[in-house]
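The hints should help you fit chain B onto chain A, whose structure is shown.
Top line first, the protein sequences correspond to chains A and B. Every position in the first sequence, counted from 1, becomes a number in this note's numbering once 661 is added. Counted from 1, the second sequence has number 400 at position 415 by this note's numbering; the numbering is strictly sequential.
Simulated from the structure, these hints should not be mistaken for laboratory data. All C-beta atoms, glycine included, are put in the ideal place defined by N, C-alpha and C. A few of these clues could be false.
[As the list claims (entries may be wrong)] Only pairs whose alpha carbons sit at most 30 Å apart, straight line, appear in this in silico DSSO-like list of lysine-lysine: (1) Lys133(B) - Lys179(B); (2) Lys22(B) - Lys789(A); (3) Lys790(A) - Lys49(B).
[Said to hold, decoys possible] Pulled from the structure, derived: some chain B residues nowhere near chain A, Cβ distances all over 10 Å: (4) Ile20; (5) Asn58; (6) Ala105; (7) Lys179; (8) Leu478; (9) Arg524; (10) His549; (11) Glu551.
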Amino acid sequence: MEDNFEPKIIGFLCNWCTYAGADLAGTSRIQYPPSIVPIRVMCSSRVDPLFVLTAFLRGADAVLVAGCHPGDCHYQDGNYYTRRRFACLKKIFDSLGLESDRIRLSWISASEGPRFAKVITEYTETTKKLGPNSTKKEIFL
Amino acid sequence: MRARALIYPAGDKMKEKIGVYVCECGPNIADNVDIDKVIEVISALPEVAVVERHKLMCSEDGKKFLKESIQKNELTRVVVAACSPKQHEATFMKVCESAGINPYLFQLTNIREQCAWIIADKAEATERTIRYIRAALRRVPYQNALEKKEIEAKPDVIVIGGGIAGLSASLLLACGDRKVYLIEKANTLGGKVKELDKLLPRMESSSNIISQKIKEVENNKDIEVYTNSEVTEVLGFLGNFVAKVKTNEDKELELKIGAVVVATGFGMLDIKQIPRYGYGKYDNVYTALEFEKMNTEGKILLKNGKSPKSIGIIHCVGREERGYCSGVCCTYCLKFANYIKSKLPNAKVFEFYQELSIPGKAYQKFYEDTKAKGVDFIRSQDIEITEQKGTLTVNYKAETQTLEPQNVDMIVLAPAIEPNSDADRIAEMLKISQGDGGFFQEEHPKLAPVSTSMEGIFIVGCAQGPRNIPESIVQAQAVAGKIFSSLIPGKKLEPEVKTSEIFEALCIGCQACLTVCTYGAIYFDEMKRVCVVNEVLCRGCGNCVGSCLSGAISTKHFTTIQLHQEVVEALR
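Okay, chain A solo, but in the shape it has when bound (with noise of 0.2 Å):
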């Protein structure tokens, strides 16, 4: 594993909720890894389960997919249909052979900056551990 690791992590976050709590983080100047690169969508339920794979195929060393935490969607019940479609992504990963641990999902309300904060701090620390995502060498598509 290489010393001076750092991991690139795509964040899909979504509008009402997680992006704007990434902007409470940093309106409130609170500082964590530079590892996350986030991506903007309406909601959480726009993210197709394909986005996440061809990002970790390409070589994203973690995808995070956050929204708004259940009961509390903008669109009322589209996290639910996210947390269904992360689930059996979760089981496609494990049945191809794939690392799961890469791929997350998290609900982070507008109001939690500091929450947005630690699990990316958190989520970069396991990822460091996990090294890089090998996927990208050994996966021809």
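Here is chain B on its own, set in the frame of chain A:
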């Protein structure tokens, strides 16, 4: 995936002229990001036509600078690296529009909240800024120009249910330019409130208040009242509903309206379902509404014509069975004690309650005053009513000590408030959902308590959940506010632009998207055997995209290819 790429031919990259604008945001970004370095790197990219910086892009001066630069360089796409889209996306979209470029051909990348402010190391923040701008640059050629739509909207409203909530909403809504159709199932207006004698906590006459409201409604030339009538069908969307109403002459009426207010009120739990209360089995066991009626008619009497010497009032009937507190029973049971004490000062009154729920600024005093009149409050559980030789007995478990069963002459039961018996039919007709207890589900319990998932359909009063009279009126007024601000007479509606769209050629008609859509915005075209998005109803969440196995759906401005390009560049 291949099919998806085909639908969106990439913009002709050679022809696109992309401009990148970096905002310093005063010291906010400039202090933490080496903007010179950013500009140096970005200018070297072949797809970029122009890179500029400004001290404060959202200022009047900054906006003018941006507009002039877009026009001078004849740009076709614009990337602004500044603050969060939640701050100034709309601002810069307006600038783009004024510079003659479609606002959806612009992308704002957030280098302040999610970059400059969270990274202490300047070199690192600079590197990240470049990455963000590159991702936006890669996305922007794939963005499509979107046009704002405008649709005609009718300001008129149909109100279903002529109880206190429906009457209040109708009175507020009917004003000059707006017609209100008030549809009532029963043969008179007034609903349940008309059946009450006095109102809490001042014990004023209910009939004065309700008949005043009814008179106002009937005299209002902008309100058309249909009693003995029923709404049988509602189709359409905010601003453009068509409702069918079956009137008392068995005629069918077709009304064109802009919004629907559901004020269908409540029903009461059928206590016969819970035999231990003895309702229907023993004489002198009454429901709350029966007792209210008896009191209104003048005398509180037993079946044998004598006055009762003792009365037990039982709260929380069906609370456990239904799974919620109806909220209004405790207070009206206090009122009943007052009825009894004023008509039969010597009668003993026992209030059997599980939990006493008397919130609000007025009721505590009312409770204390009632107690002072000699009313016994007994906290009790597992109530069972038995009868022996005409005497009713309340058997119960008290909380702290064992108490003897209480003999009384008369019992009044306060049953749980239930959704109206029509609720299922109405939910199905309006395509709104039912939540806890079968009441209509609001769009959001805190933030949108009177709207539903169907834009333009509102719920007020007990249709939405157990409510007292002031709460119902507050809701009616809230709905009037919602309608006033969304359906302005003579003004057109601007529906969401970033909606989903389904490509006919790829759709196999499996209807998976139809089942996941909360807003009923997707319908199945029987002729073409494909699903179609109703762009007026769609809110653009994109849930349907994830459900489509054929890759036939996309959400405008968040298309698969756009997001894909962003991801790919971010990973490079």
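Against the structure, test the hints numbered earlier, and report the numbers of the ones violated in rising order. Hints 1, 3, 6, 9, 10 and 11 not satisfied by this model.
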